[in-house]
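According to the working numbering, the sequence shown is numbered sequentially starting from 1.
Note that these hints are calculated values from the structure, not bench results.
Using N, Cα and C, we set each Cβ at its ideal position, and we do this for glycine too.
Mixed in with the good hints there might be a few duds.
[Claimed, not checked] Restraint ranges, calculated between C-beta atoms of paired labels, are given here: (1) Leu-252 to Lys-121: 29 to 39 Å; (2) Ala-45 to Pro-125: 19 to 29 Å; (3) Ala-211 to Arg-83: 12 to 22 Å.
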Amino acid sequence: LLASVCGADGRFGLAWLDLSAGRFNVMEVGGLATLDAELERLRPAEILAPDGSQPALIEVAADHDRPWRWRAPWHFDTESAMRALTEQFRTQDLAGFGCADKPLAIAAAGALLAYVRETQKAALPHLLSITTEERDAALIMDPATRRNLELDESLADKPELTLAGVFDRTATAMGGRLLRRWLHRPLRDHDTLRIRYHAVATLIDAARHEALSQILRSIGDLERILARVALRSARPRDLTQLRTALGALPGLEQSLRATLDEAPSPLLQQ
Numbered sequence: 001l002l003a004s005v006c007g008a009d010g011r012f013g014l015a016w017l018d019l020s021a022g023r024f025n026v027m028e029v030g031g032l033a034t035l036d037a038e039l040e041r042l043r044p045a046e047i048l049a050p051d052g053s054q055p056a057l058i059e060v061a062a063d064h065d066r067p068w069r070w071r072a073p074w075h076f077d078t079e080s081a082m083r084a085l086t087e088q089f090r091t092q093d094l095a096g097f098g099c100a101d102k103p104l105a106i107a108a109a110g111a112l113l114a115y116v117r118e119t120q121k122a123a124l125p126h127l128l129s130i131t132t133e134e135r136d137a138a139l140i141m142d143p144a145t146r147r148n149l150e151l152d153e154s155l156a157d158k159p160e161l162t163l164a165g166v167f168d169r170t171a172t173a174m175g176g177r178l179l180r181r182w183l184h185r186p187l188r189d190h191d192t193l194r195i196r197y198h199a200v201a202t203l204i205d206a207a208r209h210e211a212l213s214q215i216l217r218s219i220g221d222l223e224r225i226l227a228r229v230a231l232r233s234a235r236p237r238d239l240t241q242l243r244t245a246l247g248a249l250p251g252l253e254q255s256l257r258a259t260l261d262e263a264p265s266p267l268l269q270q
């Protein structure tokens, strides 16, 4: 995970990118403590920030053992970032992504996109959109709380005893990563949670999940395989797995129809 940060007047724009999956996200937060908490949630491998112009970020960097890369401030120009992002997503503006009114987040995202283009030396055709997260939409946990809850990292170095280790019965690597993202960002919207719980209960109560799980296990990590194809770094083994996954799709669709047609869950029907 790569991240980028820039700030002004006590507010900070934060952008992060999982290049291997093509997930691009942004957020704006207020205050250093909030920024620190979000960086602890994301735990990026690298963090980009403007060089010299924002002393507050140096204070945050001192508390993190992950590498910070200080870039020239002009990399974080909002107008240039807007042009680069709309060109990447082939849109007129960013209104459809919910971040048009977040100039600091846009600046951070533009700097991150430029850095990835520079380091990859290739087009990034699998980056098709950007997701805006709202800080207040999820439970707020400070870094110490997050560590002590042992969501997916054990203080005793026993991954099987973390919350993710206990919960994770997913059939694909993609599902496992999604579960961990959800555990690290528990939503506060009760309506969304009720719909999810209803869908899970519907699958479990009639043991509908077992047949689907068997088929899904043959799919492999399509998210990362397709990213490697886009970046022209796919290996023969990746393409073999892609062939296997495509071959499993007709059976998966048939099983889904048989399993879900009568399922009384709006989310599963969707």
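Quick rundown of the hints versus the structure:
1. For the hinted restraint 29 to 39 Å between Leu-252 and Lys-121, the CB-CB distance of approximately 36 Å keeps it satisfied.
2. Range check, Ala-45 to Pro-125: about 23 Å between beta-carbon atoms, so the 19 to 29 Å window is met.
3. Look at Ala-211 against Arg-83: about 49 Å separates their beta carbons, and that is not inside 12 to 22 Å.
Hint compliance for this structure: hint 3 is the single one not met.
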